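*Asks:* So the protein sequences, as listed, match chains A and B. Position in the first sequence counted from 1, then plus 55, gives you my numbering. Position in the second sequence counted from 1, then plus 4, gives you my numbering.
If you're looking for bench data, these hints aren't it; they were derived computationally from the structure. It should be emphasised that the depicted structure is a prediction, and the values quoted were computed from it without experimental measurement. Every residue, glycine too, gets a C-beta built ideally from N, C-alpha and C. Do not take every clue at face value.
List of simulated lysine-lysine pairs, DSSO-like, C-alpha gap at most 27 Å [as the list claims (entries may be wrong)]:
id: 1; chain 1: B; residue 1: Lys45; chain 2: A; residue 2: Lys228
id: 2; chain 1: A; residue 1: Lys132; chain 2: A; residue 2: Lys395
id: 3; chain 1: A; residue 1: Lys277; chain 2: B; residue 2: Lys45
id: 4; chain 1: A; residue 1: Lys395; chain 2: A; residue 2: Lys108
id: 5; chain 1: A; residue 1: Lys132; chain 2: B; residue 2: Lys29
id: 6; chain 1: A; residue 1: Lys175; chain 2: B; residue 2: Lys29
id: 7; chain 1: B; residue 1: Lys15; chain 2: A; residue 2: Lys175
id: 8; chain 1: A; residue 1: Lys228; chain 2: B; residue 2: Lys75
id: 9; chain 1: B; residue 1: Lys68; chain 2: B; residue 2: Lys45
id: 10; chain 1: A; residue 1: Lys436; chain 2: A; residue 2: Lys64
id: 11; chain 1: B; residue 1: Lys29; chain 2: A; residue 2: Lys157
DEER-style ranges, computed between Cβ atoms [to be verified]:
id: 12; chain 1: B; residue 1: Gly54; chain 2: A; residue 2: Glu297; range: 36 to 46 Å
id: 13; chain 1: B; residue 1: Pro8; chain 2: A; residue 2: Asp429; range: 42 to 52 Å
id: 14; chain 1: B; residue 1: Gly60; chain 2: A; residue 2: Asp298; range: 23 to 33 Å
id: 15; chain 1: B; residue 1: Asp58; chain 2: A; residue 2: Gly408; range: 45 to 55 Å
id: 16; chain 1: A; residue 1: Tyr222; chain 2: B; residue 2: Pro49; range: 14 to 24 Å
id: 17; chain 1: B; residue 1: Val43; chain 2: A; residue 2: Asn407; range: 15 to 25 Å
id: 18; chain 1: A; residue 1: Pro139; chain 2: B; residue 2: Thr19; range: 44 to 54 Å
Covered by chain B, according to a simulated footprint, are these stretches of chain A (three or more residues, beta-carbon under 8 Å) [claimed, not checked]:
id: 19; stretch: 120-129
id: 20; stretch: 294-302
id: 21; stretch: 446-455
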Amino acid sequence: MSAGLDNLKHVVVLMMENRSFDHMLGALRAEDPRINGLTGDETNPDTDNEPAKVAPQAEFQSQLDPDPDHSFPAVQKQLFFGTPGPPAAPSMQGFVQSYWDKQHDVAHSHKIMYYFAPGKLPVLHTLAQSYALFNGWFASIPGPTVCNRAFAHYGTSFGKVDLDIFYVVEPFKSIYERMLAAGRTAKLYYFDPSSSTQEVVNLLKDQPQIFATYQQFLDDCKSGALPDYSFVEPNYSDHPGEDGGEQLASDQHPDHDVQAGEVFIASIYNAIHQNQDLWESTALLITYDEHGGIYDHVPPPACIPDGFQASLADTGGMPFAFDRLGVRVPAILVSPWVAKATVVPGPEDPTNGRVFEHASIPATITQHFIGTYDNRSPREKAAQTFLDLLTDEMRPDSDCPGFELD
Amino acid sequence: MAQPPVIRVPKPAHTSYQPDRPLWKNTLLQNQVRRFLEVEKTLSPNQPPGISVDEGTTEGDAAKYIRLMTKRLHRLPGEE
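Please construct the entire structure, taking both the sequences and the accompanying hints into account.
*Replies:* Okay, structure coming up:
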């Protein structure tokens with residue numbers, strides 16, 4: 056066991072919304088060729104059969120309006136356009152045409168290929184280049200939010216590929232229930248009552264003890280009262296706060312302001328970093344639930360089936376056995392015990408590449424805090440865990456960035 | 005002693021705050037409201053729902069309803 060793992064007392068997961076790896080981090084390849092981002096030559100055909108090229112022109116807001124389609128059928132088009140469909144390899148050629156479907160505007164459809172220029176996202180870009188960046192972290196399902204977030208909470212979505220209510224199928228319990236039953240502590244911190252968790256039916260109802268708010272997260276960091284495991288949700292809506300002030304959505308879901316999400320990520324990082332004992336004993340994973348219909352160039356790999364079969368009504372008639380992953384998303388592991396500028400290779404490296412997905416979250420938490428635990432989904436049992444990235448050497452604070460919020 | 009590098013994080017533009025943004029533009033929030041409506045039916049089967057969703061419903065309206073429902077659910081099971 057590494058000294059970093061030996062010292063680890065807390066794991067915090069922050070899951071943002073609907074942005075692909077290339078959209079947020081693709082520009083970093085120009086600065087570090089180990090990062091599997093964009094060369095600048097990637098294209099998708101538009102509906103006039105002209106190539107729409109990637110471009111570093113992503114803006115914080117008002118660009119991806121309307122919201123790109125990321126339902127299961129739309130994502131199949133994004134992945135398999137120009138192919139006979141699964142089991143053929145994804146072409147990653149249908150993002151522009153899928154976005155065109157939203158409002159039949161050819162010029163606007165090209166914006167789905169835009170990515171953030173280097174330095175435009177000071178928080179995410181700094182963290183990606185300072186800590187451990189995953190080249191191969193994928194959404195669990197080629198579909199929308201709720202089913203993907205379910206994989207982070209349960210290691211499965213119980214056969215769902217959409218945003219509908221789902222019901223827990225025994226024996227798979229949430230990571231929070233597992234932790235509490237094992238005598239550990241766990242909390243899901245949602246932003247505030249006006250922007251509560253996406254986990255309404257199965258968690259929020261009847262289980263108030265596992266929930267707290269973002270303000271409580273900040274207080275718990277300050278007082279050293281953070282539980283063993285914390286899952287943090289951003290603010291999903293623009294709404295008045297409890298004190299009457301403006302609470303800006305920080306989830307980065309189009310068309311919410313990406314810069315507000317940058318501030319939110321920095322505030323989570325700062326809350327941990329500013330308590331030295333907590334900083335030295337905490338690993339923070341920052342990731343995104345799914346790609347939100349936005350372009351990424353890496354074909355999602357196959358994975359072992361999850362033991363469920365999706366309803367054809369939900370998939371648009373395409374059989375789906377949860378045997379392939381969704382589109383790649385940003386994922387960064389932050390800890391002073393992570394070697395500076397670690398890049399975890401993904402599918403681009405056939406020898407050393409590792410593939411992660413959201414089932415890696417409960418798999419990692421269970422492995423570290425609980426140990427042997429059999430009643431887990433096939434996908435979770437097969438998922439890679441990530442705490443081996445903690446090393447024997449703790450970096451000095453002078454080597455760890457801080458963020459100053461305006 | 006060397007100081008940690010400090011990166012300045014700019015504030016979002018004031019115009020970013022748009023609680024009057026139509027709810028239909030955000031499928032995630034729409035579905036969250038829909039799921040709360042399902043839960044509300046099980047809690048108060050004979051009462052009218054706490055929100056009526058139509059083309060004029062805004063993100064701010066949705067947040068207000070979600071607040072109401074979150075507070076109701078959090079009282080369960082100990083406080084009711």
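*Asks:* All hints are to be evaluated individually against the structure, with a verdict given for each.
*Replies:* Results for each hint:
1. B:Lys45 / A:Lys228: holds (25 Å)
2. A:Lys132 / A:Lys395: Judged against 27 Å, a Cα distance of about 38 Å means the pair is violated.
3. A:Lys277 / B:Lys45: violated (40 Å)
4. A:Lys395 / A:Lys108: Distance ~32 Å between A:Lys395 and A:Lys108 Cα, so the pair is violated.
5. A:Lys132 / B:Lys29: This hinted pair holds, its Cα atoms lying about 21 Å apart.
6. A:Lys175 / B:Lys29: Holds: A:Lys175 and B:Lys29 sit about 26 Å apart, inside 27 Å.
7. B:Lys15 / A:Lys175: holds (13 Å)
8. A:Lys228 / B:Lys75: holds (24 Å)
9. B:Lys68 / B:Lys45: Given pair B:Lys68, B:Lys45 holds - Cα atoms ~18 Å apart, limit 27 Å.
10. A:Lys436 / A:Lys64: Within the cut-off at roughly 23 Å; holds.
11. B:Lys29 / A:Lys157: holds (12 Å)
12. B:Gly54 / A:Glu297: 36 to 46 Å: Given about 19 Å between the Cβ atoms, the range is violated.
13. B:Pro8 / A:Asp429: 42 to 52 Å: holds (44 Å)
14. B:Gly60 / A:Asp298: 23 to 33 Å: holds (27 Å)
15. B:Asp58 / A:Gly408: 45 to 55 Å: Holds, at about 49 Å.
16. A:Tyr222 / B:Pro49: 14 to 24 Å: holds (19 Å)
17. B:Val43 / A:Asn407: 15 to 25 Å: Hint violated: Cβ distance 46 Å, outside 15 to 25 Å.
18. A:Pro139 / B:Thr19: 44 to 54 Å: holds (46 Å)
19. 120-129: holds (count 3)
20. 294-302: It holds: at least three residues are needed, and the stretch 294-302 of chain A offers 3 whose Cβ sits within less than 8 Å of chain B.
21. 446-455: holds (count 5)
Hint check: violations occur at hints 2, 3, 4, 12, 17; the rest are consistent with the structure.
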